[in-house]
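Chemist: Note that the protein sequences, when read in sequence, are chains A and B.
According to full-length UniProt numbering, the stretch in the first sequence is residues 1 to 315, in order.
According to full-length UniProt numbering, the stretch in the second sequence is residues 1 to 259, in order.
Just so you know, the hints here were simulated from the structure itself, not pulled from any lab data.
These figures come from a predicted structure and were not determined experimentally.
There is no bait here: all hints are sound.
Lysine-lysine pairs mimicking DSS-like chemistry, simulated, CA-CA at most 25 Å apart:
{"no.": "1", "chain 1": "A", "residue 1": "Lys-45", "chain 2": "A", "residue 2": "Lys-17"}
{"no.": "2", "chain 1": "A", "residue 1": "Lys-17", "chain 2": "B", "residue 2": "Lys-257"}
{"no.": "3", "chain 1": "A", "residue 1": "Lys-17", "chain 2": "B", "residue 2": "Lys-256"}
{"no.": "4", "chain 1": "A", "residue 1": "Lys-275", "chain 2": "B", "residue 2": "Lys-257"}
{"no.": "5", "chain 1": "B", "residue 1": "Lys-18", "chain 2": "A", "residue 2": "Lys-275"}
{"no.": "6", "chain 1": "B", "residue 1": "Lys-197", "chain 2": "B", "residue 2": "Lys-81"}
{"no.": "7", "chain 1": "B", "residue 1": "Lys-256", "chain 2": "A", "residue 2": "Lys-313"}
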Amino acid sequence: MAEILVLVDHVDGEVKKVTLELLTLANRLGEASAVWVGAGYDGAKDKLAEYGAQKVYVGDEELASYVVAPKAALLAELVGSKSPAAVLVAATGEGKEIAGRLAVKTGSGVLTDVVDVADGFVAEHSIFGGGIISHAKVKAGTPIIAVRPNSIAPEAAPATPAEEQVAVTLSDADKGAKIVEKVVEEKGERPDLTEASIVVSGGRGVGSGDNFKIIEELADSLGAAVGASRAATDAGWYPHSFQVGQTGKTVSPQLYIAVGISGAIQHRAGMQTSKTIVAINKDAEAPIFELVDFGVVGDLFQIAPQLTEEIGKRK
Amino acid sequence: MNIVVLVKQVPDTESPRKLKSDDNTLDRAAADGVINELDEYAIEEALLIKEAHGGEVTVLTMGPDKAAESIRKALAMGADKAVHLKDDALAGSDSLQTSYAIQQALGTTGFDLVVLGAESTDARTGVLAAMLAERLGVPQLSLANKVEIDGTSIKVQRQTDYGHDKVEATLPAVVSVVEKINEPRYPSFKGIMAAKKKPVETLDIAAAGIDAAQVGLANAATEVVDFAEAPPRAQGQIVTDEGDGGAKVAEFLASKKFV
Numbered sequence: 001m002a003e004i005l006v007l008v009d010h011v012d013g014e015v016k017k018v019t020l021e022l023l024t025l026a027n028r029l030g031e032a033s034a035v036w037v038g039a040g041y042d043g044a045k046d047k048l049a050e051y052g053a054q055k056v057y058v059g060d061e062e063l064a065s066y067v068v069a070p071k072a073a074l075l076a077e078l079v080g081s082k083s084p085a086a087v088l089v090a091a092t093g094e095g096k097e098i099a100g101r102l103a104v105k106t107g108s109g110v111l112t113d114v115v116d117v118a119d120g121f122v123a124e125h126s127i128f129g130g131g132i133i134s135h136a137k138v139k140a141g142t143p144i145i146a147v148r149p150n151s152i153a154p155e156a157a158p159a160t161p162a163e164e165q166v167a168v169t170l171s172d173a174d175k176g177a178k179i180v181e182k183v184v185e186e187k188g189e190r191p192d193l194t195e196a197s198i199v200v201s202g203g204r205g206v207g208s209g210d211n212f213k214i215i216e217e218l219a220d221s222l223g224a225a226v227g228a229s230r231a232a233t234d235a236g237w238y239p240h241s242f243q244v245g246q247t248g249k250t251v252s253p254q255l256y257i258a259v260g261i262s263g264a265i266q267h268r269a270g271m272q273t274s275k276t277i278v279a280i281n282k283d284a285e286a287p288i289f290e291l292v293d294f295g296v297v298g299d300l301f302q303i304a305p306q307l308t309e310e311i312g313k314r315k
Numbered sequence: 001m002n003i004v005v006l007v008k009q010v011p012d013t014e015s016p017r018k019l020k021s022d023d024n025t026l027d028r029a030a031a032d033g034v035i036n037e038l039d040e041y042a043i044e045e046a047l048l049i050k051e052a053h054g055g056e057v058t059v060l061t062m063g064p065d066k067a068a069e070s071i072r073k074a075l076a077m078g079a080d081k082a083v084h085l086k087d088d089a090l091a092g093s094d095s096l097q098t099s100y101a102i103q104q105a106l107g108t109t110g111f112d113l114v115v116l117g118a119e120s121t122d123a124r125t126g127v128l129a130a131m132l133a134e135r136l137g138v139p140q141l142s143l144a145n146k147v148e149i150d151g152t153s154i155k156v157q158r159q160t161d162y163g164h165d166k167v168e169a170t171l172p173a174v175v176s177v178v179e180k181i182n183e184p185r186y187p188s189f190k191g192i193m194a195a196k197k198k199p200v201e202t203l204d205i206a207a208a209g210i211d212a213a214q215v216g217l218a219n220a221a222t223e224v225v226d227f228a229e230a231p232p233r234a235q236g237q238i239v240t241d242e243g244d245g246g247a248k249v250a251e252f253l254a255s256k257k258f259v
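Given the sequences, and given the hints that come with them, work out the whole structure.
Modeler: Written out as structure tokens, the structure reads:
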């Protein structure tokens with residue numbers, strides 16, 4: 001079976017769910033080899049084994065001290081020495097950048113924000129705000145594919161990976177952008193927005209920053225992440241980093257609950273591939289209702305707290 | 001400081017966006033063209049840097065004739081001059097080829113700083129800044145939500161999934177910006193009038209030193225195999241709240257085993 005490289009996405013050793021999704025996908029297409037860069041490997045190796053990494057390539061910790069380039073250099077080294085059939089990375093901001101640099105280094109085609117990969121490395125995209133499904137493939141070099149988080153269901157497939165240390169010599173250009181400080185913002189107990197199975201988002205209808213506690217309470221009752229529409233982040237009611245939409249985060253959870261969000265294209269582009277969509281909005285004509293599996297027309301200040309209470313009762 | 005800001009004209013997200021059935025490329029005629037939203041933040045950041053440190057802002061655009069509208073808007077916002085890379089041979093280029101073409105065009109302008117939006121609203125690949133930095137061999141200061149320059153030293157705050165990284169480098173460099181780094185200005189009447197007199201240089205691939213065999217749809221490293229409209233979502237159930245709306249949603253969620 002052909003070897004498929006999976007770059008592990010993690011924060012200080014805490015492996016992101018998307019990595020487990022990529023390992024599952026890689027084992028479907030060939031044999032998954034995980035590629036590790038950065039601190040915390042010892043605490044993470046069991047997780048990689050549990051989800052089917054057949055091999056793990058471990059790069060020097062120093063590679064994580066500079067923006068993106070060293071990670072691409074390590075992958076390029078492995079593409080050269082191991083001739084993998086493809087390289088998979090998470091379609092996060094950084095993952096896509098690593099993919100881009102690797103494509104230049106190896107003269108390969110790159111496909112980003114992919115939602116599925118079939119035999120022959122035919123990649124599926126959901127484009128233009130989810131309105132069109134397209135398929136694409138790489139014609140030159142090694143396919144480099146960035147996969148959108150939450151697109152593949154991760155499956156445990158215990159393996160006993162062989163470990164290999166990989167050395168790569170960094171050029172001065174690779175070390176041009178030095179990370180002098182890494183600031184991890186407190187996100188509390190809530191899951192990451194792009195990785196969450198359930199997302200509850202608030203929009204213009206929420207009316208104020210204080211009122212966002214209604215959204216947070218609903219989210220917490222479901223163990224969900226909190227998101228916000230652009231109208232809400234523009235108004236300063238919720239931090240910009242929680243914006244779901246065309247110029248913010250793209251999410252694809254099992255369940256998306258839109259509260260007080262009209263559903264402009266700006267927002268739909270960021271959530272349209274969610275599996276189940278629920279909306280609460282006072283305007284029966286709001287475009288969000290065209291997408292929903294279940295919608296309630298009414299006052300969110302009545303409906304959302306009642307929903308939170310009902311969920312509490314059912315626990 | 002020689003600041004080059006990359007501007008892409010994209011189909012307006014408010015108008016219907018399509019692919020062409022003959023070659024699976026973007027149908028640029030089907031929708032109104034506008035400046036890619038994040039590029040407006042890039043233009044603003046370039047202007048702010050010029051205002052603080054002096055220099056000149058050059059707009060660089062690759063695209064068909066129609067892209068000239070976006071160049072005019074960028075000049076009206078305050079950029080000093082523009083280069084329009086325009087050649088039929090470039091049509092259908094993918095990200096790898098586009099980064100090569102822009103690298104070549106930057107060879108004609110020179111630069112201390114290249115500024116661009118982190119992602120376009122049409123292709124949404126988010127790879128161009130990284131590819132350019134790789135090709136140019138200069139620091140990649142991407143996903144920036146704050147930029148500080150002091151002489152030739154540059155510091156940016158890089159937006160990450162967990163918060164941000166503080167990054168330092170030395171010019172020349174490539175900077176890509178995210179939303180909210182600034183508040184893009186509207187062109188003033190005076191700016192619009194002045195834009196008409198600002199120089200716009202047109203480059204074809206020969207003038208930019210671009211090898212025709214390395215660009216264009218036929219030579220792309222990727223290809224769109226097919227596309228179709230997404231199946232419409234089945235019409236869901238919509239109810240009007242009669243005091244029990246929250247309970248009804250809870251019932252629905254329970255039926256789907258979410259609670």
